[in-house]
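Colleague: Residue-level listing of the chains:
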Amino acid sequence: MAILVDENTRLLVQGITGREGAFHTGRMLQSGTHVVAGVTPGKGGQDYEGVPIFNTVEEAARETGANASVIFVPPPFAADAIFESLDSGLGTVCCITEGVPVHDMMRVSDYLNMKNATLIGPNCPGVLSPEKSNVSIMPDDIFTPGNVGVVSRSGTLTYQVVNELTQRSIGQTTAVGIGGDPIIGTDFIEILKLFEADPDTGCVVMIGEIGGNAEQQAAEYVQAEMQTPVVAYIAGFTAPEGKTMGHAGAIVSGGESTAEAKSQALEKAGIRTATNPTEVGEIVAEILGVSF
Amino acid sequence: MAILVDENTRLLVQGITGREGAFHTGRMLQSGTHVVAGVTPGKGGQDYEGVPIFNTVEEAARETGANASVIFVPPPFAADAIFESLDSGLGTVCCITEGVPVHDMMRVSDYLNMKNATLIGPNCPGVLSPEKSNVSIMPDDIFTPGNVGVVSRSGTLTYQVVNELTQRSIGQTTAVGIGGDPIIGTDFIEILKLFEADPDTGCVVMIGEIGGNAEQQAAEYVQAEMQTPVVAYIAGFTAPEGKTMGHAGAIVSGGESTAEAKSQALEKAGIRTATNPTEVGEIVAEILGVSF
Amino acid sequence: MDLYEYQGKELLREHGLQTLEGIVATSPQEAREAAEKIGGTVAVKAQVLTGGRGKAGGIKVVDSPEEAEEAAEQILGMDIKGHTVRRVLVEGGAEIESEMYLSIMVDRGEKKPLILFSTEGGVDIEEVAETNPDAIVRVYVDPLVGLLPYQVREVVFYSGLEGDAAKGVGKVLQNLYTAFKEADASLVEINPLVLTKGGDVLALDSKVTIDNSSLFRHPDVSEQQDVEAADPQEHRAQEADLQYVKLEGDVGILGNGAGLVMSTLDVVAQAGGEPANFCDVGGGADAEKIAEALDIVTSNEQVRSVLFNIFGGITRGDEVARGLLSALESSEIDLPIVVRLDGTNAEEGRRILEENTPENVHTEETMLDAARRAVELARDGGR
Amino acid sequence: MDLYEYQGKELLREHGLQTLEGIVATSPQEAREAAEKIGGTVAVKAQVLTGGRGKAGGIKVVDSPEEAEEAAEQILGMDIKGHTVRRVLVEGGAEIESEMYLSIMVDRGEKKPLILFSTEGGVDIEEVAETNPDAIVRVYVDPLVGLLPYQVREVVFYSGLEGDAAKGVGKVLQNLYTAFKEADASLVEINPLVLTKGGDVLALDSKVTIDNSSLFRHPDVSEQQDVEAADPQEHRAQEADLQYVKLEGDVGILGNGAGLVMSTLDVVAQAGGEPANFCDVGGGADAEKIAEALDIVTSNEQVRSVLFNIFGGITRGDEVARGLLSALESSEIDLPIVVRLDGTNAEEGRRILEENTPENVHTEETMLDAARRAVELARDGGR
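Chains as they are written, first to last, in my numbering: chain A, 1 to 292; chain B, 1 to 292; chain C, 1 to 383; chain D, 1 to 383.
List time: in silico DSSO-like cross-link candidates among lysine-lysine, alpha-carbon distance up to 30 angstroms:
#1 D/Lys-171 - C/Lys-181
#2 A/Lys-43 - C/Lys-171
#3 C/Lys-37 - C/Lys-207
#4 B/Lys-193 - A/Lys-115
#5 C/Lys-112 - B/Lys-115
#6 C/Lys-81 - B/Lys-243
#7 C/Lys-60 - C/Lys-197
#8 A/Lys-193 - D/Lys-112
#9 D/Lys-167 - D/Lys-181
#10 C/Lys-289 - B/Lys-243
#11 C/Lys-197 - A/Lys-43
#12 D/Lys-197 - B/Lys-43
#13 C/Lys-181 - B/Lys-115
#14 B/Lys-193 - C/Lys-112
From the structure, some residues in chain C lie toward chain A, with a derived Cβ separation under 10 angstroms:
#15 Asp-142
#16 Leu-144
#17 Arg-153
#18 Val-156
It is worth saying that the hints were derived from the structure and are not from the lab.
Quick caveat: nothing in here was measured; it's all calculated off a predicted structure.
Glycine included, every Cβ here is placed at the ideal spot set by N, Cα and C.
Construct all of the structure, not just a fragment, from the sequences and the given hints.
Modeller: Structure representation (structure tokens):
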């Protein structure tokens, strides 16, 4: 099993004819993802690499039975695109777009309380279940199917860690990039819940970074509710206060938001925490009893 | 058993020092209702007939353990009062106020989707479970405990019908006035569901009127889901098109909103529909096998 | 509360919509001057709060100020479905490319604003809904979120609009939603919304209903309420804070509570009578208010008997009876009045009435008996 | 993006808040003129995007234009925590009755605006939070519903305000919420918010942070961005669309992806080194961008070695290697550069680099080895 996306995912791409949307649609198709529809207002009736294009998400979902969407539209239009997907009944919405205004995301997050849907991102690499479905901008050739779940606020750190796993012949159920913005649709806890409920996931890697206190919340959840072992890694020990480190959400602004505070909370909750990405691979291998 | 309010209801009165609020608080106390708190901004620290008054609902609920609220504040402030109750975690909110703007109610109704709470009204007489709890402006001396549930869009018609029942020695579990406005917090269906789930309710009386199509929706629900027998009555056969008949929501504006259309839908769904309030009592007596 | 076409158009213009140039006239002379000012072909349109004015001859298209004066002469004072025309709107013309329909209303079932749009405008939308339902695009708006850009695109794409029309309608829809929201409207309807040959999108008509409950925050709109146009009894009732609706029959009806009064009307009709009005005196037994209500109901010349249906609830039957007696004493009504008193302390109330009332007042125990009696008395009676 | 005090106050005034009369001066002469215009006692306040200016001598209260000129002379050009003062705000005075604290910020955990209010203003709010947490009222606002009247009452009642203060703070809060929302702020803070002896409520200071992601809809705010105040390398990086943060160490760091670069900094520190900067070149292997990034990183005089940490993902290792080579060719950097290449086609990439690179470029297979090497080279190296 996998979480969020799998072989039954019928994907719709919002902004399919844009530079990023078109490029990654090609890649997702190559990964074997069922990309069933694209949406670009005004280009309805055309197609892209055989994928039919529609003017609206509602029409696209109605005509193609799409049940998930990935969003590549520019930041000013991203919240509108998310609302459109949610209102069209899509269950999983993955917003890749970086630079969505925080106030837009507060409104979207609030609206999510009324909807039975999962929003991943924004400012995220997406979700990938190896050899099942690739709803992401992640390089699928570093992945291999297996039993480790990966959840991360960072894209390239996810790749680095997945690579460490794959090089040790440790495969993954699903990798979820939840996004590096201050306000994201789905936090660590929701993803940890899904992994905990997934019988095929035998170990979870959680990659955090400075900013906010989502890691602390997750630590409490892991300690109280999870049976599945969790290995953590936090980036940003050397980040100075008040400076945004690449990700809009990666900023030290008070005690809780530092890497030290997060690491301490994780370790206090009994979660093994690596000091560098390589060590993540080593600890997981140890937990799973893999030798190489 | 009763629905919505019972002996465990700890009631908070919003607008307790207003004319209406004060008058009906006295009546509710006389009925034995546990009125535990009142709210009037600026009068915190005072009391009314022994009921402590607070400045805010949050403080009142925190200090007194109130779990329900009844609202008597004037129309311009009613939506704010509802939001305040919902945000303070009160599970049952009953808005008596008549004249709340429709746009305010659209916003409130939307917000209710995010909350685990029931709003009754506005423009309603409230909810009364005989000899258990009176969260209403209804005259409690016409009620008697028993096994008939009553749900109605109209106040005085409810009294009339309850009186017909009581005179025939047929008691009530709970009477719910859902309100006569175009947009109300809780429609027939939600109340019918509660009565259906209540083992003590053996028969339900549903009193509708012109305007909207809530009765048709209810008819479909009754036919598809209910085991408990339902007796209906609809008022407004003689109402002309386009005229508001007292209640803001009682207006014929298209085919579905007429009394004929509603009666036909009810009968088509197999629901016995009385032609006048007295007949309601007769049919219920027949169903329950009561002779008098 | 309904707005006249010219008031609705003012509201639309305030929110950035385009309409034709128009001037309101209350006399033929003013209509002539308006036509002179606008120039060319003008339409002279009756301003009434009812539909079907076109078929009734309430709209005339004329080519000169003289003809405009003549048209206004004919239209002003005209009766359209019981509404007297007191104003006309004199409007310039436009070269029309196509006619569309656009409205936003409060949808009671969904508890949300509902947008209806059709490229088949200028005709009855309910007819379109029946004959060609696919020609109508329906979009619900979340009231907390507001109208979203994607919803505007849905309206435009689903109706197949392109170019100027698409852009123009999109803009109009956004502005109309703002108007709908800010004016607390329960309905804003533009039929037809036209695309001109020049590429503009204009509101050629307007129907706007403002939620009565919201008028406390729209004092300017309340002032526009046209008291002259209201029925004199309805106007008096409004001033007395009574719920009153005039009907066509001869049995005057009063009661406490809207549902009970509606039910009373129905029972009177079932007994073979015709209600003359709906009148809800509300809770309580204020003698003054009852007297005023009785006076309004009986000032309708057609009324031949009166049925007063009371349920004694919080206000007990005996108190109600005393209030009614005091009201009757101060009035000089000689029409037969049937009083039906039920509920708390009803017997005591009936006793009080029977002992003290004048000859023209009759009491009954049940609604059905009271209705029958009132209908009989109306048949026999007269003045 | 942080606003200067005077810019924040402009925003507040636009939304109906009251501040003291103030004039911005960029020279002592201007400060003197400003003090003359305002009259009486004035404060001369350094405009810098950092806290603690008071303690640093950046605020002086003076009684005459001459003294204002003198004060500005001292303050302008002053360095406060690495920020050079280029402007002062000359402000009039007020008779203060009491000092309060008010802020609205985006709460990441709740995903909602959070209001903080305290009657203990003028001091560090985090100190109040520790020593007297009950003195702070916290209210969350639902972003779709907006600030409700009852929430304003909660703030006022819970802090025990009465009379003018209650009314004034209520009004200020409503206006501040509108400002917060319309300006797309992630923080608006007024500390102190004062009640004057005359009963007015004034914002005596302002700290406003605008969400960088929202600047596309606030072009006016973007223009206010003070390029002079930024570090020259950070400024260049911004123009080149690179994520760059200057630090204090001597190991220059570049990489692709914010998380990976943060991790690289940490690993360098663990290896005993000190990172000189954070620099994320983003995805892709655009030679021009890499060259610009290298140039920015090495233009920092303190840098003694460079670590370039790349994970080949969608852009494969061999392509990255070619991009890097081409970038190195066009630059004239003679500092030691350690390249660590991992991920897809990493071996091929490393081979290309090893075969073609100049002597100062070293390749490593792992992040840890690369970090150690870069730290060693920084220790040995120099220029």
